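Visitor: Here the protein sequences line up with chains A and B, keeping their order. Mind the numbering: the first sequence is residues 0 to 407 in numbering that gives the first Met the number 0, read in order. Mind the numbering: the second sequence is residues 0 to 281 in numbering that gives the first Met the number 0, read in order.
Simulated from the structure, these hints should not be mistaken for lab results. Fair warning: this is a prediction, and the values are worked out from it, not measured in the lab. One should not assume that every hint holds.
Said to hold, decoys possible - In silico DSBU-like links for lysine-lysine, alpha-carbon gap of 35 Å or less: (1) Lys15/B / Lys294/A; (2) Lys15/B / Lys264/A; (3) Lys130/B / Lys271/A; (4) Lys213/B / Lys294/A; (5) Lys191/A / Lys264/A; (6) Lys213/B / Lys135/A; (7) Lys271/A / Lys264/B; (8) Lys69/B / Lys130/B; (9) Lys312/A / Lys213/B; (10) Lys213/B / Lys396/A.
What the hints assert, rightly or not - Here are the computed distance ranges between Cβ atoms for each label pair: (11) Thr156/A / Gly14/B: 41 to 47 Å; (12) Pro50/B / Ser82/A: 36 to 42 Å; (13) Glu37/A / Pro50/B: 34 to 40 Å; (14) His376/A / Ser38/B: 34 to 40 Å; (15) Ser94/B / Ser82/A: 27 to 33 Å; (16) Lys15/B / Ser203/A: 46 to 52 Å; (17) Ser26/B / Glu380/A: 44 to 50 Å; (18) Asp209/B / Asn327/A: 44 to 50 Å.
All C-beta atoms in this analysis are idealised placements derived from N, C-alpha and C, irrespective of residue type, glycine included.
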Amino acid sequence: MSREGVNIHEYQGKALFREEGVAVQEGVHCTTVDQALEAYDSLGRNVVAVKSQIHAGGRGKGSLYCPDTGDLQMEGGVKIAISREEVETYSKNILGNILVTKQSGPEGKMVNNLYIEAGCEIAHEYYLALLVDREKDAILVMASTEGGVDIEEVAETTPQAIHKAWTDSSGNLPAGAGSAMADSLGLTGVSKGSFNEMLGSLVSMFVSRDCSMIEINPLVRAGDGSMIALDSKISFDDNASFRHPWRADMRDMSEEEEVEIRANKSGLSYVKLDGNIGCLVNGAGLAMASMDVIKLYGGDPANFLDIGGGANKESITTAFGIILEDPNVEGILVNIFGGIIRCDMVARSIIDASREVGLSVPLVVRFSGTNHEEGRHVLEESSLEVTTVGTLADGAKAIVAATVGVDA
Amino acid sequence: MTEYGTDVVGGVTPGKGGQVVDLPGRSVPVYDNMGKAVSETDADVSVIYVPARFAAAAIVEAADAFNEIKGEGLIVCITEGIPILDMIRCVGHISEMPGIRLIGPNCPGIITPGENGGCKVGIMPGYIHAKGRIGIISKSGTLTYEAVAQTMSVGEGQTTCIGIGGDPISGTGFIDCLAAFEEDPETEAVVMIGEIGGTAEEDAAAWAADNFSKPIVGFVAGATAPPGKRMGHAGAIISGGKGTADEKFSAFEKAGIHIARDPSKIGEVLVSVLIEAGLRDP
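Given the sequences, and given the hints that come with them, work out the whole structure.
Guide: In structure tokens, the structure reads:
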């Protein structure tokens with residue numbers, strides 16, 4: 000369960016596209032209705048698109064709800080406006096409201112940002128994406144003539160409509176791959192040249208900016224034959240953020256889970272789930288396996304938490320604090336298989352952490368590996384109320400037994 | 000590693016060439032670069048702990064040194080968090096060198112237990128292992144130790160345990176390891192530990208069905224993991240909707256791999272598999 004890539008908004012992606020020479024329409028980023036109206040005036044077009052900016056796809060088909068009353072405000076998070084009045088109405092219905100889409104989850108996302116974009120005469124809509132192909136160890140380019148629709152559906156119903164090409168390990172497409180792809184999309188003349196140029200820019204941008212995905216849906220052929228990116232969905236490889244300091248300015252903290260950011264700062268990897276048994280584990284695979292075993296023994300995990308190989312007293316205290324912030328947690332299973340992490344260090348950290356955060360729920364600790372006997376000894380000598388076990392199965396049984404009474 | 004019995008012959012840290020490092024029971028020289036280290040020590044293996052931002056360059060340096068000087072070599076990269084495009088370049092570079100094998104990155108390494116100690120290249124706790132006849136392959140770090148403990152709990156030791164790492168782009172994969180275990184006369188059965196994401200487990204299962212003659216016990220972590228929050232659809236397309244634990248378990252079953260849905264039952268399943276294959280008395 001590795002960390003997701005760093006995501007940015009469409010308006011930020013389009014600013015990058017402009018810098019990289021990928022054709023986009025003129026547009027203005029706004030955060031208020033007044034700014035939206037100014038943007039409409041400054042663009043000087045009759046037709047504009049009023050687009051909600053959130054980190055989730057399916058905005059066009061989403062619904063906007065009032066955060067206070069929960070009432071439906073408007074269907075569609077992306078609207079075409081043909082007058083100043085429409086821009087005003089749509090902007091009011093979007094800003095400050097909750098947009099629920101197929102990808103946003105049922106709780107939806109508050110829309111704080113708006114993009115007003117010049118309208119575009121559309122001859123045809125295509126789909127174009129670049130992403131890392133983990134089986135082929137290369138960057139994959141995917142394109143389809145079926146743009147503007149759910150690409151997963153296209154993949155299922157008409158897979159032959161999706162055309163693919165791979166780069167070499169330096170991130171270069173083989174000679175002629177762009178033209179061949181343009182041909183299979185049925186692009187000719189100006190459109191073919193325009194597509195080729197755009198593809199070249201996108202591939203070099205993918206590499207130079209360490210992207211993990213660029214998706215353009217739809218990519219459109221305009222009335223004059225030129226190809227224009229009408230949408231942009233970009234995510235970056237977080238492992239490469241150290242060489243891209245500019246990314247920091249693009250982060251929208253309101254789009255990220257506060258507790259996950261906090262966990263990350265302490266070297267922890269945390270994902271909240273819906274159950275009642277908190278888990279604190281070293282290693283992502285073992286953390287997932289611990290959740291699986293809790294479930295198999297009739298319990299329900301409250302979270303995924305990997306304390307990482309560099310865990311120390313501070314990070315373990317933070318981890319306990321984060322687990323206990325979740326009001327659903329009725330018991331905690333600690334599962335440590337010591338390698339570079341020493342069980343006795345974890346034991347001492349648990350004792351300190353439990354004092355600091357005021358541990359009030361049943362605690363089961365399973366130690367194995369490096370210094371496990373010493374760790375167990377440290378816990379048993381302490382005044383902490385804790386059940387120590389030697390295997391994961393015993394740990395899961397014990398914590399499920401300790402929480403089942405509470406649950407009932 | 001030295002304490003376990005690994006023959007550590009030297010270290011490489013740029014700028015520290017000429018120094019000597021004291022390890023338990025021996026002192027070894029430090030070199031400025033891999034080329035010098037390999038030519039002077041004739042090392043067969045390089046283990047890399049270099050920080051993520053420099054790790055890919057270190058892998059390439061090690062590969063070039065082994066390739067030019069010996070024509071072969073094993074590189075084990077423990078480092079976590081290497082940029083994905085760095086790894087694509089790295090894996091592409093090594094694919095041109097038939098004598099070079101990369102294990103990892105983001106893995107605990109590889110260990111071959113012996114009668115007394117053995118050979119350990121990585122960060123796993125050596126003492127939990129014992130020489131035996133089970134091969135272990137795993138995407139995960141600490142879950143590999145769990146699998147080792149499971150084999151030990153039923154009185155079975157290991158031939159070699161390989162942590163292949165959980166990164167999207169890596170060197171040696173499940174199939175490479177299975178092929179090596181097929182060749183190894185001492186390995187009589189294999190425990191394979193996968194994780195959700197990608198299709199490496201499905202591909203390995205399909206390969207094993209046709210090419211692997213020894214029994215395999217398989218587990219996949221992440222059955223209870225929620226579907227990832229993804230930004231778009233593109234990532235799901237490439238795997239054609241594959242990647243969940245359930246799909247991987249069914250791919251295993253379809254290929255004749257014996258599955259343990261509970262990782263704490265891997266030992267039990269292994270015993271029944273060995274009995275069924277006539278490799279252990281009931």
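Visitor: State for each hint whether it applies.
Guide: Okay, the hints, checked on the actual structure:
1. Lys15/B / Lys294/A: Violated, at roughly 51 Å.
2. Lys15/B / Lys264/A: Holds: Lys15/B and Lys264/A sit about 32 Å apart, inside 35 Å.
3. Lys130/B / Lys271/A: Roughly 40 Å between the alpha carbons, so the hint for Lys130/B and Lys271/A is violated.
4. Lys213/B / Lys294/A: Holds. Lys213/B to Lys294/A sits at ~31 Å (cutoff 35 Å).
5. Lys191/A / Lys264/A: Measuring from Cα to Cα gives roughly 47 Å; hence the hint is violated.
6. Lys213/B / Lys135/A: holds (28 Å)
7. Lys271/A / Lys264/B: holds (27 Å)
8. Lys69/B / Lys130/B: Holds. Lys69/B to Lys130/B sits at ~29 Å (cutoff 35 Å).
9. Lys312/A / Lys213/B: The hint is violated at about 45 Å.
10. Lys213/B / Lys396/A: Given that 35 Å is the threshold and the Cα spacing comes to 33 Å, the pair holds.
11. Thr156/A / Gly14/B: 41 to 47 Å: violated (59 Å)
12. Pro50/B / Ser82/A: 36 to 42 Å: Between Pro50/B and Ser82/A, where Cβ atoms are some 57 Å apart, the hint is violated.
13. Glu37/A / Pro50/B: 34 to 40 Å: violated (48 Å)
14. His376/A / Ser38/B: 34 to 40 Å: violated (49 Å)
15. Ser94/B / Ser82/A: 27 to 33 Å: violated (59 Å)
16. Lys15/B / Ser203/A: 46 to 52 Å: violated (38 Å)
17. Ser26/B / Glu380/A: 44 to 50 Å: Because 39 Å falls outside the window, the suggested range is violated.
18. Asp209/B / Asn327/A: 44 to 50 Å: holds (47 Å)
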